[in-house]
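Participant: Under my numbering, think of the first position of the sequence shown as 1, with each following residue one higher.
If you are wondering where the hints come from, they were derived from the structure by calculation, not from laboratory data.
Any given hint could turn out to be false.
Mimicking DSBU-like on lysine-lysine, the simulated pairs with C-alpha atoms at most 30 Å apart in a straight line are [as the list claims (entries may be wrong)]:
1) K4 x K72
2) K130 x K72
3) K62 x K130
4) K165 x K62
5) K72 x K143
6) K130 x K4
7) K62 x K4
Distance windows between CB atoms, simulated [to be verified]:
8) I86 x T57: 36 to 46 Å
9) E200 x T67: 34 to 44 Å
10) G27 x G202: 14 to 24 Å
11) T164 x F121: 36 to 46 Å
12) Q60 x I117: 30 to 40 Å
Keep in mind it's a predicted model, so treat the numbers as computed, not measured.
Positions of the beta carbon are idealized from the N, C-alpha and C atoms, including for glycine.
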Amino acid sequence: MRAKSILEVILFFIGIYLIGWAMDLTGIFQWERNLTGFNWIFPLFSIGIFLFLFMLTKRQFKTYGLTIETWKLELDLSLNSLLLYIPPFLLGFWILIQFNLSYAEFPGGVIMAAVTIVAIFLIFNVINRKYSEITPDKKVATKSNLLLLITLLLLPLLLGFYFTKPILPIATTIIWQFFISGFQEEILYRGYFQSRINEEYGRPYMFLGVNFGIGLIVASLLFALAHIFNPFNPFTGQTQLAWFWGIWTFFSGLLYGLLREKTNTIIACALLHGLTGAIGQSLALVFGWTL
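Whole structure, please, built from the sequences with the hints as guidance.
Facilitator: Structural data, given as structure tokens:
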């Protein structure tokens, strides 16, 4: 059946959200938000369902970008991408802070979408020249890169100690943003959704030197929809929709999805996604920024 892959990922997306909205009726999500500031059960449940179906249908990890063959090179690539992402990212958030704007509303979400588009062109202009081939035997400074990764994740904690801020919320934010927002979301959206559609439709198009297919677009749209639905639950009467957060995250999804296509795995996109969220949100706690 044509479009079988698209139907599969949309049904998975709808099914997971229906279950999540029903689970919210129990009060368990509010309980964990009160306890830790974040929801852990729903994203872990989602990834558990994906892995169960993945194993049940005997799919190949490599096809879905779930491999560590080139992790050293992708760590190097993601850190270089982060350096290129930081200037437009900081500019966007500086504007939001100066004018007391939210990225979930207009015009904050549009501003962040614009700086993300700039970041996409900056990143791929550089990495296409520096990383013409993604191979495990390419030499990179792995020890230095690991040290930099750890330093970046610990920096908000050290600043929190210095400015005598509560450390637990900062630590929780780093862990959640890096592992849940970063790796869990990338496994689901770029690993499962994007790869599954690529299996059926291939990657016949090219943009910024990267081959891609409609899997990139569909996965980015679903990623945006997930953020639009963030404050929404029809079962509890919550009808607010974060449309402008969705606009920003659609373009973020394109960035992460292009990285997934460039590297053939989800490592680089998960690292970039996790680092930007972990560093940005935890520094906001340290300095009292409202984002």
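Participant: If a hint holds in the structure, say so; if it doesn't, say that too.
Facilitator: Each hint, compared with the structure:
no., hint, verdict
1, K4 x K72, "violated, 35 Å"
2, K130 x K72, "holds, 15 Å"
3, K62 x K130, "holds, 24 Å"
4, K165 x K62, "violated, 43 Å"
5, K72 x K143, "holds, 9 Å"
6, K130 x K4, "violated, 37 Å"
7, K62 x K4, "holds, 21 Å"
8, I86 x T57: 36 to 46 Å, "holds, 40 Å"
9, E200 x T67: 34 to 44 Å, "violated, 21 Å"
10, G27 x G202: 14 to 24 Å, "violated, 45 Å"
11, T164 x F121: 36 to 46 Å, "holds, 41 Å"
12, Q60 x I117: 30 to 40 Å, "holds, 33 Å"
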